[in-house]
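Let the sequences and hints guide you as you build the complete structure.
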Amino acid sequence: MATISSPISRSPHKLVEQTIRTPGRQPSPQPTHFNITHRNGNGNGHRVLRSATVGYVAPEFKGRTEQMSKVREQIKAMKWIPGELIDTQLEWFYNELGIDDVYFQTESVEAVVSNITSLYAAKVAAFAREDKRQEIRLDMESSDHAIYIDTSEPGISAIGGPRYEHRLEVKYLDTSSNQTFRVESFRSTSNLSSGTTPINSSIRCYFVYQCLFVDPNPSLSETRLEVISDRMFLAKSTNNTKQIYQEIIELAVNRTGPVIEVFDIEDSIEKRLVVAFRRRTALGLFSALSDLYHSYGVTSSRKYVEQFSNGITVMSLYLKPASNLSKEFPTLEQSIHQITKEISLLYCIPQNKFQALFASGRLSLQETIYGHCVWVFVQHFLNRLGSEYSSLVSALDPNNSSHAEILSTIKRRLRTETFTSDYILEIISNHPELVRSLYSAFASTHLTLGPGYSEDSIPPSPSGEVLNDKELKALISKTVSNEHEEMVMTAFRIFNNSLLKTNFYTPTKVALSFRLDPSFLPEIEYPQPLYGMFLVITSESRGFHLRFRDIARGGIRIVKSRNREAYSINARSMFDENYGLANTQQRKNKDIPEGGSKGVILLDSNQQDKASVAFEKYIDSIMDLLLPPTSPGIKNPIVDLYGKEEILFMGPDENTADLVNWATEHARKRNAPWWKSFFTGKSPKLGGIPHDSYGMTSLSVREYVKGIYRKLELDPIKVRKMQTGGPDGDLGSNEILLSNETYTSIVDGSGVLADPQGLDIDELKRLATKRAMISEFDLAKLSSEGYRVLVDETNVTLPNGDIISNGTTFRNTFHLRDTGLTDAFVPCGGRPAAIDLSSVNKLIKDGKSTVPYIVEGANLFITQDAKLRLEEAGCILFKDASANKGGVTSSSLEVLASLSFDDEGFVENMCVGSNGQAPEFYKEYVKQVQETIKMNAELEFEAIWREHEQTGIPRSTLSDTISVAITKLDEELQTSDLWRDAKLRKSVLLDALPQLLLSKIGLETIMERVPENYLRAIFGSYLASRFVYEVGSSPGQFAFFDFMSKRLANVRPRSPSL
2 MATISSPISR SPHKLVEQTI RTPGRQPSPQ PTHFNITHRN GNGNGHRVLR SATVGYVAPE
62 FKGRTEQMSK VREQIKAMKW IPGELIDTQL EWFYNELGID DVYFQTESVE AVVSNITSLY
122 AAKVAAFARE DKRQEIRLDM ESSDHAIYID TSEPGISAIG GPRYEHRLEV KYLDTSSNQT
182 FRVESFRSTS NLSSGTTPIN SSIRCYFVYQ CLFVDPNPSL SETRLEVISD RMFLAKSTNN
242 TKQIYQEIIE LAVNRTGPVI EVFDIEDSIE KRLVVAFRRR TALGLFSALS DLYHSYGVTS
302 SRKYVEQFSN GITVMSLYLK PASNLSKEFP TLEQSIHQIT KEISLLYCIP QNKFQALFAS
362 GRLSLQETIY GHCVWVFVQH FLNRLGSEYS SLVSALDPNN SSHAEILSTI KRRLRTETFT
422 SDYILEIISN HPELVRSLYS AFASTHLTLG PGYSEDSIPP SPSGEVLNDK ELKALISKTV
482 SNEHEEMVMT AFRIFNNSLL KTNFYTPTKV ALSFRLDPSF LPEIEYPQPL YGMFLVITSE
542 SRGFHLRFRD IARGGIRIVK SRNREAYSIN ARSMFDENYG LANTQQRKNK DIPEGGSKGV
602 ILLDSNQQDK ASVAFEKYID SIMDLLLPPT SPGIKNPIVD LYGKEEILFM GPDENTADLV
662 NWATEHARKR NAPWWKSFFT GKSPKLGGIP HDSYGMTSLS VREYVKGIYR KLELDPIKVR
722 KMQTGGPDGD LGSNEILLSN ETYTSIVDGS GVLADPQGLD IDELKRLATK RAMISEFDLA
782 KLSSEGYRVL VDETNVTLPN GDIISNGTTF RNTFHLRDTG LTDAFVPCGG RPAAIDLSSV
842 NKLIKDGKST VPYIVEGANL FITQDAKLRL EEAGCILFKD ASANKGGVTS SSLEVLASLS
902 FDDEGFVENM CVGSNGQAPE FYKEYVKQVQ ETIKMNAELE FEAIWREHEQ TGIPRSTLSD
962 TISVAITKLD EELQTSDLWR DAKLRKSVLL DALPQLLLSK IGLETIMERV PENYLRAIFG
1022 SYLASRFVYE VGSSPGQFAF FDFMSKRLAN VRPRSPSL
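All the letters of the sequence shown, read from the start, carry residue numbers 2 to 1059 under the numbering used here.
If you are wondering where the hints come from, they were derived from the structure by calculation, not from laboratory data.
Note that this is a predicted model, so its numbers are computed, not measured.
Treat the hints with care, as some may be off.
Said to hold, decoys possible - Calculated pairs, SDA-like style, for lysine to any residue (alpha carbon to alpha carbon, straight line, at most 20 Å):
#: 1; residue 1: K71; residue 2: S109
#: 2; residue 1: K782; residue 2: Y710
#: 3; residue 1: K77; residue 2: F94
#: 4; residue 1: K984; residue 2: F907
#: 5; residue 1: K479; residue 2: R558
#: 6; residue 1: K354; residue 2: R164
Said to hold, decoys possible - Restraint-style ranges between C-beta atoms, simulated for each label pair:
#: 7; residue 1: G99; residue 2: D659; range: 44 to 52 Å
#: 8; residue 1: D992; residue 2: G750; range: 39 to 47 Å
#: 9; residue 1: I570; residue 2: D779; range: 36 to 44 Å
Idealized CB from N, CA, C, for every residue including glycine.
This is how it looks when you write it as structure tokens:
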């Protein structure tokens, strides 16, 4: 057991606030609770329970004797059991199996008779076996309760057989139905016999009962047992048990992960292990716990699973050594110590892909979960594209945006499934000895003891000799039998060599996270090198977080799958999609200090309802690796091979918009110094600036629309406009509210609304203010030529006589119709690639685009090759990466404010009060953010327009060219000597930072509070963007020198004597 060099008095429970404190730093609240040692007579730190007060006391069944009599008579009348054996069978069933009175009171006489006769029949069948071995199995399942009786040897996990624990988990404990069930399990005190010879097997009984809660719908924070308990639990549990459960539940409701406590039982060798966690956050944990304690030669005499209506599950196990085993095991004290440590690992992945190797004792729990994690890793990085892709890359120009898009499409097609997940699993399963050796190398690097600790307990898991990488390579080559096996097992070496830090050995974890050096990625497939990569694996999902710069920001999305086939496709493309999204974000973030990043969480195929749980585990496990690696009171600190502080900036994306408040609050609870800036998109009460409320994205789009009108001297009121994405959406509603054109058509999720005479703008603004679809448009305000076709309508006749047979098809293709009603098209919503190379010709007539002006507000609405085709046909088109960057600008300035204020100032100036009133500073800051968005959009618009006029290069190509030029120069400037020039540095920051922040806080204070790498990013992005916007993406040889000379001259005016 671990010992601390200087003894410190502790309370009986491990509340994080009471753990050892690092000087000058408060500990972070942890997601998992472990009981911490305190002084007692046993010297082991466990609380002692009086044996008379432990557990449950079943209410006495007063009709027990009468029931036994009726059962006897029925069995006697049936004549299936010899008369002289009936009393023996009754005595055994009623008094020796450990079944309590609740069962007998619940079941009918007929059900008891059926169970006794079935068990007797099983005995007879067993006796007829050649080995005379008794294997008794009985199951009875109904909708509200179940009984399972099985023969098993204490301390040994049965790989085959009926696997009743797994069965009752799937059917009752882990079900997603509204029904909730509790479980009681007992092992008989005496062993069975084989003929006249005793054997090691005994009877294990499981009783499952549907819960009847006192209050079935309490608050999730409710902890009073008299409110949240099952009525049977209240009737059966002792006061001592109720007190234990009360304390544990009070801890569990405030934690993401499990609460783990161990108790000694007075005058008994047994230990009571109690684990509490949120229901359905660890599917399969009940049976996995059995495999865990069996691996240490421990068995259970009793097990209980109690459910509470506030969503907490509590498992209570009574553990003792399995005396029937011949193998040498550690003492029970040592085993329990290790079991409690490994429960946190088991909670992360209760049922790993190599569970059978663990249950059979061929690998340890740590080795199998390590193997499971690398199995996930291998799936994403083993299927390479082959020589065909290399040939295409050499033939095409990856720097050409249209070529890059073609390569991306072909990459998806060529990503062959030579190595399926099942094939990889089969290979790894066939080489457990290699997994052990590779795990030993992993553990030798990342498993360590904290200062002041010594390991006088058993090793964390069986392990082989620690080999270096060269020796591992030779061992793999010698062991495997073919090239495929060598590729899979070599991927383990790549994983080990790329790993910079992990929370694998941190006991306070809820999921497994790995910070990887992404340099192992092949350059030909991923030409833009990643800066950082996180891999997160939970029991519900897998996830990546990728970023292209140290300082980077991007959204976190959750990917759901309709079925197993869709999941397989999503899993195959997950990493490439994540990489592409982060790369797109990198180009879009040209005006701001943050580079591009993106996080993707893929829910497992059978866990589609676990989005919030998966998100919470993903965030918490990444935070484990961002916060300082020496957590107070933690025996195994994180080994940090990266060696530098990391800060991630995240935001909402698909399926996560309603989860960012939790992430912000959780970061604050864990005392993360950057909690204010961790997530954008949060509630204004937490200092967030909602994009939709203030039209941040639309402001940028509008600058491009207005820029076209300004350059061409068009009267907006005479411009006929089409818009996809209706008044119910963020971008669509704000575009309507800001517009002054004549709308002739709008397409949204509900259908198509069109009027050649112009749609009533007041009615559209009413819908936009209400955030309602066009299905609510007042048809009385249409002209005689106007119409509305909803998606569920069929065979609709338009005013011009056209018949629309299917409303959904009409909606999906309306933007491609040559209506003659559109001068300007602003996509504010719709599916990606809604216009591609195969459909773009529908918008081109006689070589001329039927839509003169397009500003792409919706992401990826038009493919790059289709954009080029439209521009070739005369369309003036501005692409999404330029037009809709207002949102990222707003988020960046939100982050800057949160970094600049201290906590008190942030709450005072940036957080909307509980009365809904925004601070005056907040109101003014929002206005400044809006002006910055418009200024940045106008600068880029002018640069693209000017360079197109000068060179004839398509505007959609120039958008990418300018982005690349800015980001490349930005990276160079951040590491140049210019940053070291204090006067220049301050001069640039004074221009780059919002004047309102400078006035409120002051430059010196901002420079003290904001991390230096973030300030460098502001410095680089501001200078780079201003230079490129002023001189273009392909400047002359001395252009930057001239640009900086002017700036330096303003910083240091020449002396008159010179």
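Tested hints:
| no. | hint | result |
| --- | --- | --- |
| 1 | K71 to S109 | holds, 10 Å |
| 2 | K782 to Y710 | violated, 28 Å |
| 3 | K77 to F94 | holds, 16 Å |
| 4 | K984 to F907 | violated, 28 Å |
| 5 | K479 to R558 | violated, 43 Å |
| 6 | K354 to R164 | holds, 17 Å |
| 7 | G99 to D659: 44 to 52 Å | holds, 47 Å |
| 8 | D992 to G750: 39 to 47 Å | holds, 43 Å |
| 9 | I570 to D779: 36 to 44 Å | holds, 43 Å |
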